[in-house]
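Top to bottom, those sequences are chains R and X.
For the first sequence, our numbering assigns the number 1 to the initial residue and increments by one for each residue that follows.
For the second sequence, our numbering assigns the number 957 to the initial residue and increments by one for each residue that follows.
Hints in this document: simulated from the structure, not taken from any laboratory.
Idealized CB from N, CA, C, for every residue including glycine.
Be careful, since some hints might not be right.
Coverage of chain R stretches by chain X, computed from C-beta distances (three or more under 8 Å per stretch; other residues unrestricted) [what the hints assert, rightly or not]:
| no. | stretch |
| --- | --- |
| 1 | 16–23 |
| 2 | 488–494 |
| 3 | 616–626 |
| 4 | 709–718 |
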Amino acid sequence: MIALIALVPLLGAMLPPIVIRSGRDRCTAVTAVVSLVSLAVLLAQVPAVFSGEPVRTSVEWVPALGLSFSFFLDGLGLLFAGLILGIGLLITLYARFYLGRDEKVGRFFAYLLLFQGAMLGIVTSDNILLLVVFWELTSLSSFLLIGWWSHTPEGRQGARMALVVTGGGGLLLIGGMLLLGQAAGSYELTTILARGEVVRGSPLYLPILLLVLGAAFTKSAQFPFHFWLPHAMAAPTPVSAYLHSATMVKAGVFLLARLWPVLSGTETWFLVVTGTGLITMLIAAWIALFKTDLKAILAYSTVSHLGLMTMLLGFGTPYAVTACVFHVINHATFKAALFMSAGIVDHEAGTRDIRKLGGLRRLMPVSATLALIASASMAGIPLFNGFLSKEMMLEAAAHTALVPSLATLGALLSVAYSVRFALGVYLGPVRDDYPHRPHDPPAGMWLPVAVLAFLVLAIGVAPQLLAGGIVALAGQASAGPVPIPEVHLSIWHGVTPALVMSAAALVGGLLLLAVFGPLERVREKTFRPEAKAMFDAVVAGAVAACRRGIGPMHADSLPRWLAAISATIVVVGATAFFTATYAPGTRDLLPVEFLGVVAWVLLAAACGAVVVLHGHRVLTLILTSVVGLVVSLAFLQFSAPDLALTQISVEVVTTILMLLALNLLPKLTPPEHAPLRRLRDGGIAAAIGLGAAGLAYAVMTRDFTTISDYHVTQAKPGGGGTNVVNVILVDFRGFDTFGEIIVLCIAALAVVALLDSALRGAAARRLDAVRQGLESADAHPLVLVIATRVLLPLALAVGAYIFLRGHNEPGGGFIAGLVVAIAIIMQAMASGYAWAASRFRVDAHALLGAGVLAAGVTGLGAVLLGRPFLTSWHGHFHLPLIGDVELASAMAFDAGVFLAVVGTVLLSLAQISRVEARAEHRPVPEGPLDIKFGRRQTTPTGAPLTTARVDAAKES
Amino acid sequence: MELLVASGIGLLTAVGVYLVLRRHSFPVIVGTVFLSYAVNLFLFAMGRLTVDRPPIVDPAAAGYTDPLPQALVLTAIVISFGMTALIVVLALRGFLESGDDRVDRTAPKEDRTAAGRDDDVVFP
Chain R
1 MIALIALVPL LGAMLPPIVI RSGRDRCTAV TAVVSLVSLA VLLAQVPAVF SGEPVRTSVE
61 WVPALGLSFS FFLDGLGLLF AGLILGIGLL ITLYARFYLG RDEKVGRFFA YLLLFQGAML
121 GIVTSDNILL LVVFWELTSL SSFLLIGWWS HTPEGRQGAR MALVVTGGGG LLLIGGMLLL
181 GQAAGSYELT TILARGEVVR GSPLYLPILL LVLGAAFTKS AQFPFHFWLP HAMAAPTPVS
241 AYLHSATMVK AGVFLLARLW PVLSGTETWF LVVTGTGLIT MLIAAWIALF KTDLKAILAY
301 STVSHLGLMT MLLGFGTPYA VTACVFHVIN HATFKAALFM SAGIVDHEAG TRDIRKLGGL
361 RRLMPVSATL ALIASASMAG IPLFNGFLSK EMMLEAAAHT ALVPSLATLG ALLSVAYSVR
421 FALGVYLGPV RDDYPHRPHD PPAGMWLPVA VLAFLVLAIG VAPQLLAGGI VALAGQASAG
481 PVPIPEVHLS IWHGVTPALV MSAAALVGGL LLLAVFGPLE RVREKTFRPE AKAMFDAVVA
541 GAVAACRRGI GPMHADSLPR WLAAISATIV VVGATAFFTA TYAPGTRDLL PVEFLGVVAW
601 VLLAAACGAV VVLHGHRVLT LILTSVVGLV VSLAFLQFSA PDLALTQISV EVVTTILMLL
661 ALNLLPKLTP PEHAPLRRLR DGGIAAAIGL GAAGLAYAVM TRDFTTISDY HVTQAKPGGG
721 GTNVVNVILV DFRGFDTFGE IIVLCIAALA VVALLDSALR GAAARRLDAV RQGLESADAH
781 PLVLVIATRV LLPLALAVGA YIFLRGHNEP GGGFIAGLVV AIAIIMQAMA SGYAWAASRF
841 RVDAHALLGA GVLAAGVTGL GAVLLGRPFL TSWHGHFHLP LIGDVELASA MAFDAGVFLA
901 VVGTVLLSLA QISRVEARAE HRPVPEGPLD IKFGRRQTTP TGAPLTTARV DAAKES
Chain X
957 MELLVASGIG LLTAVGVYLV LRRHSFPVIV GTVFLSYAVN LFLFAMGRLT VDRPPIVDPA
1017 AAGYTDPLPQ ALVLTAIVIS FGMTALIVVL ALRGFLESGD DRVDRTAPKE DRTAAGRDDD
1077 VVFP
């Protein structure tokens, strides 16, 4: 059930882009409903959580890795989930009015829900690896949100910076969580939380701590990783308000609070976490004081408050943890309200520059009042909720050394920038030079702020009533086994050290503001490191280093790659060879036959000639066919008639294909003038060849046990055929063959895709420029034309015969497909492509589809009968005239193979021919080509057909 | 005979590797064709060489050669056609696109950097 808390928004993210068609109001409503459903699930668990029952659900995911789909909910998770959903709902409403008319609202809400789901996943995960998954998901979805205005460089750079920093933190977290799981012996949080002693005693404790802290500090923008957060302000204001108040940056604080019982309590924890938090709090507050952009002030203030929370967790006392939890609530409320107020100002006044603003109290009274309430809380003034948690913070700090004065300084700076924010924007005199005349926005924009401002006030006045319960619960959940002191939130504790420190901060803050002018001039003159410049320099350096490192390896040179790979093969093979022992084989060898020697000599001669003459491409092709022929003969000699048939048909098809390609490619390869390179390549080639020969010889001279006896004995009774090879193909290993014809089809489609687009763009221009050089005067010789036409029915009959007998005698779908394809191509070769295409009107794409379909349906037929996929079936039939015929379902499968092969070959060759037709500028006459029958030299209209018209005719 | 076949396989492999290491697309394609021959023969030879014993079930047959490598090689031969067709077309398209059929250098620089935005880090 509680898994739904995170899963509903994640899955619901699909809805807004669909619903946006029916209007943006409905889209907003759907988004809100998704969040509300999740909220309802959450609230249904509240009684159980408060009564202390374990709320847990778990489904095994990858048990071998310790990864399970498990969620649990306790006070801490409840608090965070409630904030995420509650503020998320307000943001949804606000964004509806904030986003401009031309923004893609559907997509925005989809990203928002995705992010919401990921955040909820973090706070409800029980499995720490699952938590990492959600953690990464927040980095990715926040990247999309921060970079929402991707047309601005700031948006892109801010998003990228956030992704680099938080994504890098995610990597640290993976490492930390894996080690943590190892040290604790479990990946379930509930188990780990009870084993704090074990983890702290483990030698892995320090690496775990540093990795987890690295993740939390990057996410929560702690010094020195604080710089990404202000740059993330390039996002639309609803995103900033959401990410930087209740969610994204709080994930780091949540992680620290969650693992507090496990990791805290050591010297290292105190020094690193408190120190980082304190430094962050002070530096960020100092910077915030001088910023002029409202969102920048709020961004640095956020960093500062995050530092405050981190510092509290670092103290390591249950009281400080409780204070931190309380501050999470308070900060979320007033900061979300302030961000939205800044957005309203930007929206209505047209600027966010504090120097151009002022006096808005009179022009937009409603929003100004709300914003003033929120900034009073940020300053920590009594009766507002920020005051209460600040008091608790100072109280907690008062019990440590050195920190009290620094914590007071932080509070002092906080007062200063809050007052400056309020004074500069809302108070002061009304001006007459705003870019737009400001007035209160539509209620949809200020209502969410009002809700939050109300909470700020209400918690500020009656803290125990409204927040006492959840703070105590969440504090206890975070503190784990250590009991927290009884929480009693109240405004007045008497005159405590904290109150004195608070008063000092208030007075000091106002004094500081009084000397703001001179202070700013001093700051202007001092050196300030620019974080973005440093970040950019680091990124640029990393890119340059990668280029230098990878560049030489990833040279854009195929020969160099292949040489490296081949040389590696030689080295690996040689190492294995020289470190192993070996003895000559004992198998009886076959006697050498004279014809065998002749074939070998032919092969060797062809190979040698190819090496020497490979510059002449047509000659190379002829020599290659000689080699192919010898290979076919070898198959025939050594009892493989099927292979011989296949090889020789493939040989024909390949040669035609290469000839077609050569028609457009250069006919000569320029000689290479690099004897050293050729020597090197020759050396590598010779070594690999020697290895292959030796390996083949070693295997062939040894006996072996075969696994094919089963195939041979079962071919007839089980597969219904006597040609074992064919039965293996269509029956025993039918699934394999099924995959292979699909591969063939994909290759054919890739060929189509590659050449189809060649008829446009640069390739098409180059094609147009191709002048056919030496063209035979008699392109379609009469003898060839007549011979192929006479042969066509014969060849088709041979194909059918080979197909039909394939199950029992050498043959089958593969070979028959090749033979039929050759028969059709011969027509194209002899009479021209256009002629053949106009007569052979079967779409080769359809052949491919039909082939795969036939094979698949045959296989599924077996499934319908309750047998495994592709189980074959066969029986005897008596057909009139033909006689007794044995039919097997494998034959239908083989027909599929046949169709796929024919389709592949025709499609590949037809595509190349089509490209060539483009290069032929001569008009393509209709009718039997070049056979001059006198009357039919021209088309019926009298005009010669152009290639364009032929193409057009083909398209139709 | 085994020695002849083994040396044949070695020869085909060597020629294939040598051609594959050339600088123009066409010899590379021919090289892959040679390597296909070599590999197919090699796989076939794993079933050892047998004369006159085709794997066609016949009561009168004295024995059969191993049919399994044959079945594997048969599909390999057809697939290698598909592969050859694909790389031939790839080479053809590359040639038509760039007017050059070399495989050891890249397209001119300006084509690649034009896609990158000025303010972004341009990754190669």
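Checked hints:
1. 16–23: violated (count 0)
2. 488–494: violated (count 0)
3. 616–626: holds (count 4)
4. 709–718: As far as the stretch 709–718 of chain R goes, the hint holds, because 4 residues have Cβ atoms under 8 Å from chain X.
Comparing the model with each earlier hint shows violations of hints 1, 2; every other hint is respected.
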